[in-house]
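Colleague: My request is simple: use the sequences and hints to build the entire structure.
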Amino acid sequence: MESILEENKEVKDQIDRVAEVAGYLWAKGWAERNGGNITLNITSYVDDSWFSKKAIAGPFKLNMVLPHLKHTIFYAKGTNKRMRDLARKPMENGSIIRITDDCLHYEIIGDLPVEPTSELASHLSIHNDLIGKGSNYKAVVHTHPIELVAMSHHSAFLEKDKLSHILWSMIPETRAFCPKGLGIVPYALPSSQALADLTIATLQDYDVVMWEKHGVVSIAADVMEAFDQIDVLTKSAQIYQVAKNMGFEPEGMSNQRMDELQKAFKL
Numbered sequence: 001m002e003s004i005l006e007e008n009k010e011v012k013d014q015i016d017r018v019a020e021v022a023g024y025l026w027a028k029g030w031a032e033r034n035g036g037n038i039t040l041n042i043t044s045y046v047d048d049s050w051f052s053k054k055a056i057a058g059p060f061k062l063n064m065v066l067p068h069l070k071h072t073i074f075y076a077k078g079t080n081k082r083m084r085d086l087a088r089k090p091m092e093n094g095s096i097i098r099i100t101d102d103c104l105h106y107e108i109i110g111d112l113p114v115e116p117t118s119e120l121a122s123h124l125s126i127h128n129d130l131i132g133k134g135s136n137y138k139a140v141v142h143t144h145p146i147e148l149v150a151m152s153h154h155s156a157f158l159e160k161d162k163l164s165h166i167l168w169s170m171i172p173e174t175r176a177f178c179p180k181g182l183g184i185v186p187y188a189l190p191s192s193q194a195l196a197d198l199t200i201a202t203l204q205d206y207d208v209v210m211w212e213k214h215g216v217v218s219i220a221a222d223v224m225e226a227f228d229q230i231d232v233l234t235k236s237a238q239i240y241q242v243a244k245n246m247g248f249e250p251e252g253m254s255n256q257r258m259d260e261l262q263k264a265f266k267l
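Sequential numbering of the sequence shown, starting at 1, is according to our numbering.
It is possible that some hints are incorrect.
Calculated pairs, BS3-like style, for lysine-lysine (alpha carbon to alpha carbon, straight line, at most 30 Å) [claimed, not checked]:
1. 53 / 133
2. 89 / 160
3. 89 / 9
4. 12 / 53
5. 53 / 9
6. 89 / 133
Think of the hints as simulated: they come from the structure by calculation, not from any bench.
Modeller: Written as structure tokens, this is what we have:
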């Protein structure tokens, strides 16, 4: 069977980048079993013929009307699919879905009838919010970085911007590449609408949020940028924890140095 991707090189390139990121998440130990999810808005890369293609499955009802998703198409990791498998075969472990005109259903249009991620409600709600406010962000990545999840088990780190300040102070690159810091989303049932709503509210001020005792969600213009933000935040968490394991509280950069960095990079 010929893949739908053979019709469009731009879409294929984007899905290949998703597969590359999936491989990184697995290699870093952030995607145990079927852990983590990726969705990508590919609407701007397709032509009008994709909106008239015959669906291979669906329509399936969403749990809400998402008005800004009319005339949109997404790639989504499949539910119960593993990142390590997606890295090798993205179209067997994910699918391309099209939102119907009523903004209440989706159809699968390629390549196989792979049911999308169980976190689809959260992901599509985020995309709906991004489109609604005119953002150019197209990628949503959810994964389980070990060091960041571990820090979310300590209540002191869950105070607003406490963790952001610690992570920024460990290495200059973190402040430069994650200038908004790390938002905190209090624990909510995975896959629930409550989690989706809390996530959207927190993403108004941050590009990366921590789901308490669960994982992180990163949004960006493309999937590699979304991954990079998580990567630099996790590096800072590793530096902090290595210092603590050596028996001392890491000094971190002073507020003065942080201010200098902010001015130098116009953050």
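Colleague: Hints first: check each against the structure and report whether it holds.
Modeller: Structure-based check of each hint:
1. Taking the CA atoms of residue 53 and residue 133, the gap is near 29 Å; set against the 30 Å cutoff, the hint holds.
2. Restraint check for residue 89 and residue 160: not satisfied, since their Cα atoms lie roughly 40 Å apart, outside the 30 Å limit.
3. At most 30 Å may separate the alpha-carbon atoms for a hinted pair to count; residue 89 and residue 9 meet this at roughly 17 Å.
4. The suggested pairing of residue 12 with residue 53 holds, with an alpha-carbon distance near 17 Å, which does not exceed 30 Å.
5. A hinted pair counts as satisfied when its Cα atoms are at most 30 Å apart, and residue 53 with residue 9 qualifies at roughly 18 Å.
6. Our distance criterion of 30 Å between C-alpha atoms is broken by residue 89 and residue 133, whose separation comes to about 33 Å.
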